[in-house]
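> Residue strings, one per chain:
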Amino acid sequence: MLQVENLFLNLEGKPIINALNLHIERGEIHGVLGENGTGKSTLAYLIMGSNGYRPNKGKIIFEGEDISHLTVSQRAKRGISLAWQEPARIEGLSVLDYLSLSGSKPGLKRIYEILQMVGMDPARYLSRYIDATLSGGERKRIELASIIAMQPKLAILDEPDSGIDIMSMPIILNSITEMNKQGSSVLMITHSEQMVEMAHSVSVLCAGSILRTGPPAEMSRWFKENCQSCVHINEPTLENMG
Amino acid sequence: MIGRSVEKEYAGLVDAYEKAGGSRDALTAADTARLVIHENKVLGAEGIGGLKIDTREIETGVDIHLVVEEGTKIKKPVHLCFGVLPEEGLQEIIMKVDARDNSEVSVIAHCIFPNAVKVIHRMDADIKIGKKAKFDYKETHYHGENGGIEVIPKAVVRVDKGGIWQSSMTLSDGLIGKLDYNFEVFCQEEAVAELIVKAYGRKNDDIKILERIHLDGAGARGLAKSRLVLSDKARAEVKGETYGNAPDARGHVDCIELVNGTEAVAIAIPIVSVTDDKAKVTHEAAIGSVDKRQLETLMARGLEEDEAVDVIVKGILK
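Note that the protein sequences, when read in sequence, are chains E and F.
In the numbering used here, each number is its position in the first sequence, counted from 1, plus 217.
In the numbering used here, each number is its position in the second sequence, counted from 1, plus 313.
Source of the hints: derived by calculation from the structure; they are not laboratory data.
A few of these clues could be false.
Cut-off 30 Å, straight-line C-alpha distance, at most; resulting in silico cross-link-like pairs (DSS-like, lysine-lysine) [unchecked claim]:
id, chain 1, residue 1, chain 2, residue 2
1, F, Lys-605, E, Lys-294
2, F, Lys-389, E, Lys-294
3, E, Lys-322, F, Lys-474
4, E, Lys-274, F, Lys-516
5, F, Lys-631, F, Lys-388
6, E, Lys-276, F, Lys-631
7, F, Lys-627, E, Lys-326
8, E, Lys-322, F, Lys-631
9, F, Lys-332, F, Lys-354
10, F, Lys-354, F, Lys-389
11, F, Lys-552, F, Lys-516
12, F, Lys-474, F, Lys-516
13, E, Lys-257, F, Lys-605
14, E, Lys-322, F, Lys-332
15, F, Lys-516, F, Lys-332
16, F, Lys-365, F, Lys-389
17, F, Lys-474, E, Lys-326
Not the full set, but computed from the structure, chain E residues with beta-carbon under 8 Å of chain F [what the hints assert, rightly or not]:
id, residue
18, Met-265
19, His-286
20, Val-289
21, Ser-298
22, Trp-301
23, Ala-305
24, Gly-309
25, Ser-319
Beta-carbon label-pair distances, calculated as ranges [unchecked claim]:
id, chain 1, residue 1, chain 2, residue 2, range
26, E, Glu-242, F, Gly-334, 45 to 55 Å
27, E, Glu-280, F, Asp-604, 24 to 34 Å
28, E, Ser-321, F, Ala-599, 30 to 40 Å
Ideal Cβ positions, reconstructed from N, Cα and C, are used throughout, including at glycine.
Only chain E is shown next, with the shape it has when bound in the complex (with noise of 0.2 Å):
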């Protein structure tokens, strides 16, 4: 479903991207581990086209089509979406308003099912707005329940549990598996390894650049083993990088 071959991005000139491939199949969870400053989000605003983000060299390659020089709203039109780790606060747009308008159209009895799903009680929540006046947790639910919304081909979720508290954590597991059965590949982009036991398969990101791709108990062993105790974060020795 989404190929992405030989990417290069610098930004101020920077490396943050670093020769990467990436392979995602149709209906697959992937995850996407590794620690902070590794190249995760930009990752994702590249797969999204996010201003800012087109890639020095490479290409990004989704349903067989070179989609590098889109933009978001064609991207979305395609069937990519994004949650963002910090989603946007936009004042005035009501949570039932927001759910309203992605491309899917969902009905009133659809967008209640898929609060329902991400633990927020509709009657309190779908006359609220999408402002500073939600917690931090609350915002990523709404932004877990838009993308669910919209029916997505694939799904990028960028920390998907960052903000949200323990207790809440299943609810979110369950709607990301539930996501996927409803025809969303997914990509899960991560630094926990609980997260990743959900996915089908895991790639381990250091530098910008994919170090391992495997199942995910393997994967969660060898980020542990060798990027969690790593001294040197960013700068992947040779041996790590295959």
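Please arrange chain F on chain E, whose structure you already have, making use of the hints.
Just chain F now, with coordinates in the frame of chain E:
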């Protein structure tokens, strides 16, 4: 040509009022207080138990005296409709409001100038909010697309101990023309003032806003808030001033101006001042283009850029 008979004027104004988002039913319901004024003619004035509306036509407009009796809580909003339908005209509203102790009322005003080419609408208001009284005033304007209008609302509001004054003014339909808004509120002990102005300036609209709140009593609270969106050659200057003059007074000035394009001009001047060491007033003012992250969030749901801007602008002016 607009007919000059009262019936025709009333019908014309009510039609325009409805188009501008007003409720026709509210102007006819027996349990709703209302006031309808076209130019300097009072076309309808109905009070309700505990709320009295006296009017006097003058050459250039109407003198209004609105009294809410002590302890009266008006259940349904009072509807005001002010308008000038011809292309030229002058309307001066001189308003005296006396919301007595422990009263409570909500007022919805529609100001309608759909054909204005050379119209002036001026309001001078002297407003008293009694002890623990609550007065909520929402004013919405509809101006049409000619932009030939000057709107000059001025009000001095005095809020007694524990009283609440909340007002909002929205100008987002049609061209604003020239706006010179000047509201000043004096708050006594534990009184609350909230001033909100929302405006969408386009073409050559010229907007001046002054929101000034004096927190003179202990524990008084105030918010001076403005939300403006400017495009084309529109220009806006917003002054939000809050003065904390008593212990535990709390105030905030909050101004956001979004500028679309390269020719619109936005100026924000927040002034915060305290003369009591236990008072605290804060401010935030932001001027800029539409936030990129907000834009991309909406575009990532499939909206085109201009559709996303529209959603953001509507949200700010909501």
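> With reference to the structure, classify each hint as holding or not holding.
Evaluated hints:
| no. | hint | in the structure |
| --- | --- | --- |
| 1 | F:Lys-605 / E:Lys-294 | holds, 19 Å |
| 2 | F:Lys-389 / E:Lys-294 | violated, 46 Å |
| 3 | E:Lys-322 / F:Lys-474 | violated, 50 Å |
| 4 | E:Lys-274 / F:Lys-516 | violated, 43 Å |
| 5 | F:Lys-631 / F:Lys-388 | holds, 24 Å |
| 6 | E:Lys-276 / F:Lys-631 | violated, 42 Å |
| 7 | F:Lys-627 / E:Lys-326 | holds, 25 Å |
| 8 | E:Lys-322 / F:Lys-631 | holds, 22 Å |
| 9 | F:Lys-332 / F:Lys-354 | holds, 21 Å |
| 10 | F:Lys-354 / F:Lys-389 | holds, 25 Å |
| 11 | F:Lys-552 / F:Lys-516 | holds, 22 Å |
| 12 | F:Lys-474 / F:Lys-516 | violated, 44 Å |
| 13 | E:Lys-257 / F:Lys-605 | holds, 20 Å |
| 14 | E:Lys-322 / F:Lys-332 | holds, 29 Å |
| 15 | F:Lys-516 / F:Lys-332 | holds, 23 Å |
| 16 | F:Lys-365 / F:Lys-389 | holds, 15 Å |
| 17 | F:Lys-474 / E:Lys-326 | violated, 47 Å |
| 18 | Met-265 | holds, 6 Å |
| 19 | His-286 | violated, 15 Å |
| 20 | Val-289 | holds, 4 Å |
| 21 | Ser-298 | holds, 5 Å |
| 22 | Trp-301 | holds, 7 Å |
| 23 | Ala-305 | holds, 4 Å |
| 24 | Gly-309 | holds, 3 Å |
| 25 | Ser-319 | holds, 4 Å |
| 26 | E:Glu-242 / F:Gly-334: 45 to 55 Å | holds, 52 Å |
| 27 | E:Glu-280 / F:Asp-604: 24 to 34 Å | holds, 31 Å |
| 28 | E:Ser-321 / F:Ala-599: 30 to 40 Å | holds, 33 Å |
Against the hints set out earlier in the document, violations occur for numbers 2, 3, 4, 6, 12, 17 and 19.
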